[in-house]
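Chains as they are written, first to last, in full-length UniProt numbering: chain W, 1 to 254; chain U, 1 to 254; chain R, 1 to 254; chain X, 1 to 254.
Please keep in mind that the hints were generated in silico from the structure rather than gathered at the bench.
Idealized CB from N, CA, C, for every residue including glycine.
A few of these clues could be false.
Unchecked claim - Simulated restraints, written as ranges between beta carbons of each label pair:
no.: 1; chain 1: R; residue 1: 58; chain 2: U; residue 2: 40; range: 41 to 49 Å
no.: 2; chain 1: R; residue 1: 16; chain 2: U; residue 2: 27; range: 37 to 45 Å
no.: 3; chain 1: R; residue 1: 254; chain 2: X; residue 2: 248; range: 47 to 55 Å
no.: 4; chain 1: X; residue 1: 94; chain 2: R; residue 2: 240; range: 45 to 53 Å
no.: 5; chain 1: W; residue 1: 97; chain 2: R; residue 2: 181; range: 26 to 34 Å
no.: 6; chain 1: W; residue 1: 97; chain 2: U; residue 2: 108; range: 35 to 43 Å
no.: 7; chain 1: X; residue 1: 19; chain 2: U; residue 2: 253; range: 21 to 29 Å
no.: 8; chain 1: X; residue 1: 248; chain 2: U; residue 2: 166; range: 29 to 37 Å
no.: 9; chain 1: W; residue 1: 212; chain 2: U; residue 2: 97; range: 29 to 37 Å
no.: 10; chain 1: X; residue 1: 29; chain 2: R; residue 2: 20; range: 51 to 59 Å
There are 4 protein chains.
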Amino acid sequence: MINQVKTVVIAGCTGSMGQQTVQLIQNLPGFELVGGYAPHAIPQTSDYLVTNQLAELPQADIWIDFTVPSVVFQNIKYAITHGYHPVVGTSGLSTSEMHELQTLAATKELGGLIAPNFGLSAVLLIQFAKQAAKYFPEAEVVEMHHQDKQDAPSGTAIATAKAISASRTHANDYDEIETIPGARGGKVDGVPIHSIRLPGYVAHEQVLFGGPGEALTIRQDSFDRQSFMSGVRLACQKVTDLNTLVVGLENILD
Amino acid sequence: MINQVKTVVIAGCTGSMGQQTVQLIQNLPGFELVGGYAPHAIPQTSDYLVTNQLAELPQADIWIDFTVPSVVFQNIKYAITHGYHPVVGTSGLSTSEMHELQTLAATKELGGLIAPNFGLSAVLLIQFAKQAAKYFPEAEVVEMHHQDKQDAPSGTAIATAKAISASRTHANDYDEIETIPGARGGKVDGVPIHSIRLPGYVAHEQVLFGGPGEALTIRQDSFDRQSFMSGVRLACQKVTDLNTLVVGLENILD
Amino acid sequence: MINQVKTVVIAGCTGSMGQQTVQLIQNLPGFELVGGYAPHAIPQTSDYLVTNQLAELPQADIWIDFTVPSVVFQNIKYAITHGYHPVVGTSGLSTSEMHELQTLAATKELGGLIAPNFGLSAVLLIQFAKQAAKYFPEAEVVEMHHQDKQDAPSGTAIATAKAISASRTHANDYDEIETIPGARGGKVDGVPIHSIRLPGYVAHEQVLFGGPGEALTIRQDSFDRQSFMSGVRLACQKVTDLNTLVVGLENILD
Amino acid sequence: MINQVKTVVIAGCTGSMGQQTVQLIQNLPGFELVGGYAPHAIPQTSDYLVTNQLAELPQADIWIDFTVPSVVFQNIKYAITHGYHPVVGTSGLSTSEMHELQTLAATKELGGLIAPNFGLSAVLLIQFAKQAAKYFPEAEVVEMHHQDKQDAPSGTAIATAKAISASRTHANDYDEIETIPGARGGKVDGVPIHSIRLPGYVAHEQVLFGGPGEALTIRQDSFDRQSFMSGVRLACQKVTDLNTLVVGLENILD
Chain W
1 MINQVKTVVI AGCTGSMGQQ TVQLIQNLPG FELVGGYAPH AIPQTSDYLV
51 TNQLAELPQA DIWIDFTVPS VVFQNIKYAI THGYHPVVGT SGLSTSEMHE
101 LQTLAATKEL GGLIAPNFGL SAVLLIQFAK QAAKYFPEAE VVEMHHQDKQ
151 DAPSGTAIAT AKAISASRTH ANDYDEIETI PGARGGKVDG VPIHSIRLPG
201 YVAHEQVLFG GPGEALTIRQ DSFDRQSFMS GVRLACQKVT DLNTLVVGLE
251 NILD
Chain U
1 MINQVKTVVI AGCTGSMGQQ TVQLIQNLPG FELVGGYAPH AIPQTSDYLV
51 TNQLAELPQA DIWIDFTVPS VVFQNIKYAI THGYHPVVGT SGLSTSEMHE
101 LQTLAATKEL GGLIAPNFGL SAVLLIQFAK QAAKYFPEAE VVEMHHQDKQ
151 DAPSGTAIAT AKAISASRTH ANDYDEIETI PGARGGKVDG VPIHSIRLPG
201 YVAHEQVLFG GPGEALTIRQ DSFDRQSFMS GVRLACQKVT DLNTLVVGLE
251 NILD
Chain R
1 MINQVKTVVI AGCTGSMGQQ TVQLIQNLPG FELVGGYAPH AIPQTSDYLV
51 TNQLAELPQA DIWIDFTVPS VVFQNIKYAI THGYHPVVGT SGLSTSEMHE
101 LQTLAATKEL GGLIAPNFGL SAVLLIQFAK QAAKYFPEAE VVEMHHQDKQ
151 DAPSGTAIAT AKAISASRTH ANDYDEIETI PGARGGKVDG VPIHSIRLPG
201 YVAHEQVLFG GPGEALTIRQ DSFDRQSFMS GVRLACQKVT DLNTLVVGLE
251 NILD
Chain X
1 MINQVKTVVI AGCTGSMGQQ TVQLIQNLPG FELVGGYAPH AIPQTSDYLV
51 TNQLAELPQA DIWIDFTVPS VVFQNIKYAI THGYHPVVGT SGLSTSEMHE
101 LQTLAATKEL GGLIAPNFGL SAVLLIQFAK QAAKYFPEAE VVEMHHQDKQ
151 DAPSGTAIAT AKAISASRTH ANDYDEIETI PGARGGKVDG VPIHSIRLPG
201 YVAHEQVLFG GPGEALTIRQ DSFDRQSFMS GVRLACQKVT DLNTLVVGLE
251 NILD
């Protein structure tokens, strides 16, 4: 079998994630970057076409999208309509928009991936937490982020708690007394989440499981945004073999 | 459907694991302890038969074995021949003995389980390590045990390293210099294992995975031998639905 | 110099801590157990006097007290008055009672120790946290206990938070948004505490410090009540050299 | 009292640490950067003098040195002779060179600091390890670094092991069997060190202490070279109050 080179366009190629993705694809054997989409005209010194007009983008196998919530829906609709396999890291799609895109992809029999999180360690953590919760229904989540993170808990921690709750067959039923309000954390679907905000930390999450006489802990550390690139690479390697628009990187892991 | 009570005999019912198993089965809804096998005659004050003659044991659905290496093979051969579903926690079966028992079970179309480790957290750790190694081939194992443990590394750590090595598609290739011999650990199939021996600790294991910009860590703590009972309970609940003699608790997890 | 054997009486010698202390002293070179005080008459099979009358206790160098809140004040008052060096692990003394005992000890020029916590790892954790907070004022406390612990946070966690707050020269001033109430923990003197309650866990505490580009974590694990005995032994070895009634094991560490 | 602004020169101001130090001093209230020393002539666009001639540097209170082993001794000799308080982060001084500099500083009654490590979390870890080893003589060190680190164990881990060994009053005496050579780590002064090398990790160290029924763990994480700046700042704030040439940041902590 001949492995043909797969062609790629990157929407949002001048943003922080986009620039890293450009580097990734340019160095990934078997892939070729053929076009970039960016909102503003940029100097054409690059060895691939960059444009601010969707219609000027060259045809390609894969459409990677790291743009902004306000344009992502139109972008992906365009991509699917024109036969690009979308790999979407942009947030902001509503549930109804996702359904519309999934229906459109089904009509076209075109595979793609929408991934709220491209960090492999975070995705595996959630997957393992789901499996562990069947045997260790008692679980709590601790997440640590840098102090500049404005909201608590993190989206990944909430997703983890929901995954645990959906997987376990019975729920904790605590009746302990909080002498200091908040000490027992914030509960999402019955799973306590504890959010730590400290300088120095980047983005880290732990799930603690306990059972009679034993404990199981899963932890992931994101030290660097570079970590997302492993997930993007994996998505590019698998997306052309998909025939539906999948949501969640965990759903394309073996 | 009527859930019939399943009957159980326990071989080695007076040993430390055996006594805990007696307590477990006597308190487990849907199960009834009907007999115990012990090498020495013991006072018949119990509400189930205890004997030192295999032939005197009552027929039952399940045969739990926590005896000693010198008798386990004969015990399980007897159990399978007589139609008991074996759940074996005794160590010491050779590979050829296991094969003989598996063949015998296949002939009788009788399911059973041989489990080197009944600790659910340890079994899940190995399972997760296997899955993670596909995406994070770079891994090291750290295990901590009480200082009285005579050998290093632990059997579970070796099993973990082998599972990682079998699962990953490429191996580490380190060429760093050890200025203090042993600093980089002992390698099993290319996976470094680091063994810590300290008072206070019981039995703990960590697997550390690293990739570009991120890390994933899986840890299990066994605080108490009581932890094995969760695995024994799970085995009892599933063994009568098996139709082969399975090796490894991880292979009956969902 | 001749090291004279030091004599010891144990009040509460039949309780759970008392029994462990009996074992400790009977096996500690340089110490001799000469009497025990217990509320109920007990069989006199032991090789030391046990009585339920304070006045019947033999004179000794050290009075170890593991009794109950309702009698500890009278016990220690009696001990100091009669020249025993008290080592007190019983809780329940009020601040005014402590002051009265300290004044009495000062008058008699007699040293002693009242220790809310005899766990050396917990005491060192608080001491280190105090030191670290001078250089890392941003800190959070996470404590893990078995699910049967009724209150949250633990007393040691509260003591740790207070020690950090007293030691640091400026306080956190967070304005992050809790989308799930309680996620950011319960604050004691401005230090967030997160309490985890899971089966399997015993008693564990972590302090996390963060600064620009780095983090420092101190963790202690109490696996077993036996851990308190290291602190009791240390107290016995030092108490006869003290000349005031000290509160807190950390204050007699070198 | 009037707090006079302290003036600073930075030797090695164009290197990676030097540039960060320039930024630090320029933003540190109470300090003024007045000169930089760099091996090569550089464009004079800066608001402080940069030269490649020691003799051209302006007089100042503090001399920060982040240069290279081949010049550090001459630099610091020059600095002390001319009345600058040296703060030295450059490695490579031999013991005899250090002694000569200390003698020179003593003659001039001039304080200074030579710091092999400016990371506050690492320095505190060693300090706490020293204290803990008095009460928990059984200890092991685990350090994790990125896979590109060529040598194992790390210098900080070796320094930690030596500090533990010097502080504790008795040593471990293990006789366990290594079935895989290296599993029990590399021993420095009787303290096992375990070195982990994985992608993603930056520079991290743990000390594990164990005693009867309990454990104490101290961990530090260096996520970013920026972390050294906290130590440099502290050194600048204290160095003009010193009257000897101190070696080790830990020796100027309160």
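To see whether the hints hold, each was checked on the structure:
For the hinted restraint 41 to 49 Å between residue 58/R and residue 40/U, the CB-CB distance of approximately 46 Å keeps it satisfied. Under the hint 37 to 45 Å, the C-beta atoms of residue 16/R and residue 27/U, about 25 Å apart, miss the expected range. Checked against the hint of 47 to 55 Å, the pair residue 254/R and residue 248/X fails, with Cβ atoms roughly 20 Å apart. Checked against the hint of 45 to 53 Å, the C-beta distance between residue 94/X and residue 240/R comes to roughly 49 Å, which is consistent with it.
The supplied range of 26 to 34 Å is met by residue 97/W and residue 181/R, whose beta-carbon atoms lie about 30 Å from each other. The supplied range of 35 to 43 Å is broken by residue 97/W and residue 108/U, whose beta-carbon atoms lie about 58 Å from each other. Checking the proposed 21 to 29 Å range against residue 19/X and residue 253/U shows it is violated: the Cβ atoms sit about 54 Å from each other. Range check, residue 248/X to residue 166/U: Cβ separation about 47 Å, and the 29 to 37 Å hint is violated.
Between residue 212/W and residue 97/U the beta carbons are some 31 Å apart, a value that agrees with the proposed interval 29 to 37 Å. Against the hinted window of 51 to 59 Å, the Cβ-Cβ separation of residue 29/X and residue 20/R comes to about 55 Å, which satisfies the hint.
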